[in-house]
Amino acid sequence: MTQQAQYASPVPPVPLTEDAPGRRRRASRGAIAAVYPLTFLVLLVVTWFFVTATELVEPYIIPSPGDTWRAFADYPDYLWEHTLVTMGETIAGFAIAGVVGILFAVLMVYSSTLEKTFYPLILFAQVIPKIAIAPLFVVWLGFGASPKILVAVLMAFFPVVISGISGLRSVDPELLELTSTMGASPVRTFWKVRLPAALPELLSGLKVAATLAVTGAVVGEFVGANSGLGYVILQANGNLDTAMLFAALIIMSVVGILLFAVIQVAEVFLIPWHASRRNRR
Amino acid sequence: MLASTFDGDQSGTTGGVPASEGAMVAVRSVDVTFRTRSRTVHALSGIDMTIAPGEFLSIAGPSGCGKSTLLRVVAGLTRTSAGQVTLRGTPVVGPRRDVGFVFQRAALLDWRDARGNILFQAEMRGLPKAWARRRADELIEITGLTGFEKAMPFELSGGMQQRVSLCRALLHEPDLLLMDEPFGALDALTRENMNVELRRIWEATGMTVMLVTHSVTEAVYLGSRAIVMGPRPGRVIEEFPIGIPGHREYEPTLESPEFQRLSGRIRGLLGSGAG
Numbered sequence: 002m003t004q005q006a007q008y009a010s011p012v013p014p015v016p017l018t019e020d021a022p023g024r025r026r027r028a029s030r031g032a033i034a035a036v037y038p039l040t041f042l043v044l045l046v047v048t049w050f051f052v053t054a055t056e057l058v059e060p061y062i063i064p065s066p067g068d069t070w071r072a073f074a075d076y077p078d079y080l081w082e083h084t085l086v087t088m089g090e091t092i093a094g095f096a097i098a099g100v101v102g103i104l105f106a107v108l109m110v111y112s113s114t115l116e117k118t119f120y121p122l123i124l125f126a127q128v129i130p131k132i133a134i135a136p137l138f139v140v141w142l143g144f145g146a147s148p149k150i151l152v153a154v155l156m157a158f159f160p161v162v163i164s165g166i167s168g169l170r171s172v173d174p175e176l177l178e179l180t181s182t183m184g185a186s187p188v189r190t191f192w193k194v195r196l197p198a199a200l201p202e203l204l205s206g207l208k209v210a211a212t213l214a215v216t217g218a219v220v221g222e223f224v225g226a227n228s229g230l231g232y233v234i235l236q237a238n239g240n241l242d243t244a245m246l247f248a249a250l251i252i253m254s255v256v257g258i259l260l261f262a263v264i265q266v267a268e269v270f271l272i273p274w275h276a277s278r279r280n281r282r
Numbered sequence: 626m627l628a629s630t631f632d633g634d635q636s637g638t639t640g641g642v643p644a645s646e647g648a649m650v651a652v653r654s655v656d657v658t659f660r661t662r663s664r665t666v667h668a669l670s671g672i673d674m675t676i677a678p679g680e681f682l683s684i685a686g687p688s689g690c691g692k693s694t695l696l697r698v699v700a701g702l703t704r705t706s707a708g709q710v711t712l713r714g715t716p717v718v719g720p721r722r723d724v725g726f727v728f729q730r731a732a733l734l735d736w737r738d739a740r741g742n743i744l745f746q747a748e749m750r751g752l753p754k755a756w757a758r759r760r761a762d763e764l765i766e767i768t769g770l771t772g773f774e775k776a777m778p779f780e781l782s783g784g785m786q787q788r789v790s791l792c793r794a795l796l797h798e799p800d801l802l803l804m805d806e807p808f809g810a811l812d813a814l815t816r817e818n819m820n821v822e823l824r825r826i827w828e829a830t831g832m833t834v835m836l837v838t839h840s841v842t843e844a845v846y847l848g849s850r851a852i853v854m855g856p857r858p859g860r861v862i863e864e865f866p867i868g869i870p871g872h873r874e875y876e877p878t879l880e881s882p883e884f885q886r887l888s889g890r891i892r893g894l895l896g897s898g899a900g
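Chains as they are written, first to last, in our numbering: chain A, 2 to 282; chain B, 626 to 900.
Hints in this document: simulated from the structure, not taken from any laboratory. This one's a predicted model, so the numbers in the text were calculated from it and none came from an experiment. It is possible that part of the hints are untrue.
[What the hints assert, rightly or not] Straight-line Cα separation of at most 27 Å, DSS-like style, residue types lysine-lysine; simulated pairs: (1) A/K117 - A/K131; (2) A/K208 - A/K131; (3) B/K754 - B/K775; (4) A/K131 - B/K775; (5) A/K193 - A/K208; (6) A/K193 - B/K754.
All chains, please: the whole structure from these sequences, using the hints.
Encoded structure:
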């Protein structure tokens, strides 16, 4: 039409919705945040490459990135199969620890007798080195998945209980008094007040538990297994196949990070109101 | 306009009051003693008072005079060591459902918006949903929360949060509204506005209110009667009917001779009673 249109045409159209600039800024900020760890990771891989390429260290001590990649590329089925085993044990262990942990936290918050009974035992179970009792579980439960799941449960249980108890206790006492003037049943108060108030702390505990569950499953596999990433590591170690060992280590950390990320995403939906999430906008 | 809807509500709630002396609240020789490991605190000693339906009772006093304890005893949140409290003729033995309580802090649910926080009262009581929603909308309009229904507590100012808390306390049309220093944490200007609004709501509804406050101005401006309490042990020192009839405009009321006279006397009592 007029000059205005001519001038405007080279500029790409910008959507004029209210939150578009904000969303954009958020997305780009997220991208910038990802740049730092990625840069560091690249530097690390470059250093790794340099150290192995110049043979500063023997290849059987530190394999080259290429060799490690070849372990992935040559044995994808083998690694996938054992990854699935470890993932299964980890998720089962984490789920059981989550459910039982929350249940214990609830019982202990509502009954001081139960708290006095269980708290010392839970603490005792926590301070025992899990790797020291893992052989016992193999004796009791055999070489199947159950002893590994049990070690994962034991590792992941503690942070869930502790965060659950402190979360359930963090409810504003005036809010509880208020609900008592509303004549609501304790069950309703639990679902509508106590549990939502406990969620932020509980989810923090679950994040810690997720990473520990992976460790638990692998520790269980170290003690006695014929499958899983722990088994892969032991095998690779026996053959001085450090490339395979590195591959297994990388997969393990990815499994842990994935589980962690699932809870992180859950936080976005469950506690968007909490200060820890609000400031990220 | 709004008053008319409230008049309707009022007749609905006060219609069923049992005629036990006609009192909303009767406090008879109430003592409250708290025992800690090291000492015994007489929070309340020999309290006697009667509050008539529709009265606005202001309770002023220095810190530690037991005025909050008195409110909690009436709501059934704190047990008496001796004596008895009756609410609408029935003895208070545990937390009472027929009161609305407003604390100094708004004590809102962080995970619910303003409207959700107001409706919380209805959900916990299992009140009919449609009715509760209509009632919430009414209260939102009356307290000037319109436009903030969907705001989360962290997005609201202290004054707005306290409005939500007030709506929540009024949702179930309680016979008695108990307020424990509800505006103590607000800035002076917001506090003034809230006082004017509370007065307006009370004038429109004729509900019974017990208000604990540190502010002499607040006590006299809002109350139809004021009680001054003293500490150690917590007791009633004196009681003043506030003879400022009818609708109270803020500035003119504060400048009226009756207001000045009463505030002066209460300040004098608090000055001596606190020492």
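These are the hints, each one checked on the structure:
| no. | hint | in the structure |
| --- | --- | --- |
| 1 | A/K117 - A/K131 | holds, 24 Å |
| 2 | A/K208 - A/K131 | holds, 19 Å |
| 3 | B/K754 - B/K775 | holds, 18 Å |
| 4 | A/K131 - B/K775 | violated, 49 Å |
| 5 | A/K193 - A/K208 | holds, 23 Å |
| 6 | A/K193 - B/K754 | holds, 16 Å |
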